[in-house]
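Protein chains: 2
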Amino acid sequence: MYRTHTCGELRLEQKGINVTLAGWVQTVRKFGAITFVDLRDRYGITQLLFGEELNKVLEENPLGREFVLQATGTVSERSNKNPNIPTGDIEILISSFQVLNKSAVPPFTIQDDTDGGDDLRMKYRFLDLRRNAVKKNLELRYAVNRAARNYLHQQQFMDIETPFLIKSTPEGARDFVVPSRMNPGQFYALPQSPQTFKQLLMVSGYDRYYQIVKCFRDEDLRADRQPEFTQIDCEMAFVEQEDILNMFEGLIKSIFKDVKGIDYAEAVQRMTWEDAMWHYGNDKPDIRFDMRLLNLKKPGTVYTDKTDSAVLINGADFKVFDEAETVLAIAVPGCSEYSRKQTDELTEWVKRPQIGMKGMVFIKCNPDGSYKSSVDKFYTEEKLKAIADAANAKAGDLVLILAGAEERTRKAISELRLEMASRLGMRKDDEFKLLWVLDFPLFEYDEEGNRWVARHHPFTSPKPSQIETMINNNPVIENAADYLNHPYANIKANAYDMVLNGNEIGGGSIRIYQRELQEKMFAALGMDKEEQLHKFGFLLGAFEYGAPPHGGIAFGFDRLCAILGGSESIRDFIAFPKNNAGRDVMLDAPATIDQKQFTELQIKLDLK
Amino acid sequence: MYRTHTCGELRLEQKGINVTLAGWVQTVRKFGAITFVDLRDRYGITQLLFGEELNKVLEENPLGREFVLQATGTVSERSNKNPNIPTGDIEILISSFQVLNKSAVPPFTIQDDTDGGDDLRMKYRFLDLRRNAVKKNLELRYAVNRAARNYLHQQQFMDIETPFLIKSTPEGARDFVVPSRMNPGQFYALPQSPQTFKQLLMVSGYDRYYQIVKCFRDEDLRADRQPEFTQIDCEMAFVEQEDILNMFEGLIKSIFKDVKGIDYAEAVQRMTWEDAMWHYGNDKPDIRFDMRLLNLKKPGTVYTDKTDSAVLINGADFKVFDEAETVLAIAVPGCSEYSRKQTDELTEWVKRPQIGMKGMVFIKCNPDGSYKSSVDKFYTEEKLKAIADAANAKAGDLVLILAGAEERTRKAISELRLEMASRLGMRKDDEFKLLWVLDFPLFEYDEEGNRWVARHHPFTSPKPSQIETMINNNPVIENAADYLNHPYANIKANAYDMVLNGNEIGGGSIRIYQRELQEKMFAALGMDKEEQLHKFGFLLGAFEYGAPPHGGIAFGFDRLCAILGGSESIRDFIAFPKNNAGRDVMLDAPATIDQKQFTELQIKLDLK
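Chains as they are written, first to last, in the working numbering: chain H, 27 to 634; chain U, 27 to 634.
One or more hints might be untrue.
The list cannot tell twin chains apart, which means a pair is met if one copy fits it or any two copies do.
[What the hints assert, rightly or not] For lysine to aspartate or glutamate, the following EDC-like pairs were computed, each having C-alpha atoms within a straight-line distance of at most 16 angstroms: (1) 128 / 542; (2) 149 / 570; (3) 555 / 542; (4) 240 / 254; (5) 162 / 185; (6) 622 / 245; (7) 240 / 185; (8) 454 / 594; (9) 128 / 570; (10) 324 / 348; (11) 161 / 185; (12) 489 / 309; (13) 162 / 598; (14) 420 / 407.
Note that these hints are calculated values from the structure, not bench results.
In this text the structure is predicted, and so the values were computed from the model without any measurement.
Given only the sequences and the hints, what does the whole structure look like? Please build it.
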């Protein structure tokens, strides 16, 4: 061993003992005939003091930043204590030392607020990883990993490894494929998730399965997506939705406790998908703050059980509202005194291409009880008050109203809601609010193929009460224009998403475990019998041999860590991430391969 | 929840309470008007008793093997207790039940001694996994996983995930590659191990890293090899070999303790590679028994520090020995009274193509002190006694001697040694003997390329005392015939293998951390500067910025589990293994992919 202690553990109690430390030179400070060196390792920083004699050696062979140093000396009390670090009471009076390795000058500073840009830090990721900010993220990631494993172990879940070289069955996302040398012309696929395997394990009787496992999706990378990502993947047999919700809010609460020291004692809120969309315009609402939408006008088709407040805006001859498919409002607390400049800026914000609205209407609910609006021409103060009241606005609030096509307007008001909350400091990094979103639609309509697609995935069960509806109806859509009246359009999934601070951190469902129902599902997705058997014959077969009721969930491990770490970016919580083009710029991968590899694999390029 | 209790937990103490169980029908036994059903889940088996009334229902809708059943009733004391199972004192008097799912008749019995052949069981792996024998293996695997994590966590190792989509740098084994759609013409590779990443993590200061991680090698599959396999992968900074040996024999002892309840108190034996080859003919000797080789004749070149016992056989004019490159003997305890038939059978055994010897010589050390041999014509009894004594044979032992070309003969005697020990019951499944094999040669000579290849891998450091030899000599082999006299031929690696019962379960090394030495290593392997930079520029670059001394080890997790489970086959310890052609016969993977996938990936087949 190159050391007797780490750079994080020595205290005044060890005063007088002889120690050897090893680590990296963080700083070198010369004071006349003596030199102070801060030596850093994973565990901390310890100050080394080089006296006059060694100082001469240092003058001839100066230490540089990030040199690797082994140094022996006596633990001494510091005259000038540093209360900011745990080792701040002591220093080591060095008697001998050895440079274990030199370092070139790093291309950026190894500090929390580094001067390195993103590209440079990724190219030299091995140096970036030395920064305390990044180290803390990976330590948090490991703590979450450990907390999850401990909880799941206590709950009798078993970690069972599933294969990585599987069969390509592209349903939603694209598979990464792997040519098989031993089976020329054939390919493995990398798993998008261990979905079918964990279901087979339930059929096999393993009862409770988990895995913290890499998954792969060959999708065009949006910001903050990675082609490989990690899931906490879980499945349970003999359960209903309620069992899953209880078990896995327990998991997240246990992680809160172990990792953040937070007692999340309250019950986790639950909300139907329809309510989430209606009240927040979003299926993953951030409920750290209220600011619910007022649906001033809903389109005819989207919400089945809701009534809008169109009466408040109709009959005023305001064409923008009259001609819009959807009109939505929020009441922003305490902003009634926004200046013209500020409301103009907000209007410009919603008109940006990312948001895409044509304009914005506002109502100022003045502290004196009067109302002032950008549409005073069309609405009396009484009517403005009625709208503001319906939006739950109080005196001093600012009501913002957007109007336009349903989906775009809904997304826009949802974004605006988040933006206003951010500006008002209502989205605190250290406040955590969990939410279950339930009762998703089982299907979405695919216009191009005039068929159904599974909103969650093809293994999700409908609500128990709707199984008969699904089995007894033909999934084929005879009349495309009238697809909303097809019996499948209203089937709800036995599925649930867990939302944390406006981010979907996990999702799952009760699964189909009856062959007949699974075949119906595949048929709804447009697969004929032959395709079903080719792709999923093993699963249909398994359902013949005593498949139990089962369900599960998968958490996005990278995102969960990022949110717990108070960050928006999952890349900061991955040791060796890829950039938005799917490249590892440190390795310079992907890369060309040798002709020998092509020959052995019996493939060739076919570049456009 | 479909149940109040599992099938493994009810005892007499629960007598009288009402319970609901769910599980699989293991057996149905009718006795007149009542029926007994054994209900099975992961946790155990509980007997259900269906009385007269329900019996009628059962008659109309009979339960079959592997039906999934939910049943409610009262816990009762059995009249006919079964002491062999933990729930054997009770049965459930059923009041109502529901068939949750039916089962077709399984293609083989779900029992320890199943009637299913290997192929059938793999095709229906989801049923095979129900068998208790397989379940126990996966439970053991999880226990090993958990024990390893707990020990490593206590020792301050951090689990850090490394990427799966990396760069192809084929050195030893072949890479699996993954075409990149977003970077046409380029490929990722799947990692053969996280070797370079864990070294970078040491450069980054993470100090102690571990991962239980899938690795991939596209090799022609010998029996009991899998294209994807799992490693316990570890690395430490600021360590020397001694530190690694201590840390990781601690790991294995901790696994023994947690998983098998075994206190492995004794020190782990250590042996140099040369001694292992000399005394056992093998670099992974099974030391549960002695039976060391007697080197009656060694070839001139292989062992540098050893003296053979050729004096015992020379001058007898026995051509077989005189003309052989190598003559090796073992003394098999207690077999002196083998019949002619038995020695003939052994001779046939060594003549099988897998062993490939031309014959076998034996010396019987009779209990009366006399000696009888198959080469009495050439050797006097005195000479036979001298050979037997040198082989450590006692009265009653049988000395077996093989002669021939060095490598083949050494392998043959090693196999014969294991075979005889197996026959004599000296290789017990429940006895565990650990061994460190040390001081491997750093290089092997590659005749074809007239260059060196790294015996372990190109990141392994030479012994500290031989670093200068490596740096100060030109790796080029000027004179192929004289390669053994090249200074590199005698460089020993700072590497170690851990051997358990004759199986290599782990291997590692102290790594090179100096750029100059690493470049020398790459040069020795025949890589020019350009190739070095293309393949490993990131690592050479990292060594410029303060790389600490470091080393590590990787354990073959599948094999470790198999040995702990008393099995020779790793497939039994993998939930979804592939067959010897690399196929998953359940999924029927690998398989063809769609034309759309080829188009998107811009590759095409190039079948021979």
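Now the hints, each set against the structure:
Taking the shortest alpha-carbon separations for residue 128 and residue 542, only the inter-copy value of 12 angstroms comes in at or below 16 angstroms, while the best intra-copy value is 68 angstroms. Proximity of residue 149 and residue 570 under a CA criterion of 16 angstroms is satisfied inter-copy only: 14 angstroms between copies versus 52 angstroms inside one chain copy. In this assembly of identical chains, residue 555 and residue 542 lie within 16 angstroms of each other by CA distance solely inside one copy; the values are 12 angstroms within and 62 angstroms between copies. In the homo-oligomer, the alpha carbons of residue 240 and residue 254 lie at most 16 angstroms apart both inside one protomer (6 angstroms) and across protomers (14 angstroms), since each shortest distance falls under that limit.
For a Cα distance limit of 16 angstroms, the shortest separation of residue 162 from residue 185 across copies, 14 angstroms, qualifies, whereas the shortest one inside one copy, 26 angstroms, does not. When the C-alpha separation of residue 622 and residue 245 is checked against a cutoff of 16 angstroms, the pair qualifies only between copies, where the shortest distance is 15 angstroms, while the shortest distance within a copy is 29 angstroms. Taking the closest pair of Cα atoms, residue 240 and residue 185 come within 16 angstroms of each other both inside a single copy (14 angstroms) and across two copies (14 angstroms). Proximity of residue 454 to residue 594 under the C-alpha cut-off of 16 angstroms is restricted to the intra-copy arrangement: shortest distance 12 angstroms within a copy versus 56 angstroms between copies.
In this homomeric assembly, residue 128 and residue 570 come within 16 angstroms of each other (Cα to Cα) only across copies, at 7 angstroms, whereas the closest approach inside a single copy is 65 angstroms. Taking CA atoms no more than 16 angstroms apart as the test, residue 324 paired with residue 348 passes inside one copy only; the shortest distance there is 12 angstroms, against 100 angstroms between copies. Taking CA atoms no more than 16 angstroms apart as the test, residue 161 paired with residue 185 passes between copies only; the shortest distance there is 13 angstroms, against 27 angstroms inside one copy. In this homomeric assembly, residue 489 and residue 309 never come within 16 angstroms of each other (Cα to Cα): the closest approach is 19 angstroms inside a single copy and 61 angstroms across copies.
Taking the closest pair of Cα atoms, residue 162 and residue 598 come within 16 angstroms of each other only inside a single copy of the chain (10 angstroms); across copies the shortest separation is 40 angstroms, beyond that limit. Only within a single protomer do residue 420 and residue 407 lie at most 16 angstroms apart by alpha-carbon distance; the minimum there is 15 angstroms, versus 114 angstroms between protomers.
When the structure is compared with the earlier hints, a violation turns up for hint 12 alone.
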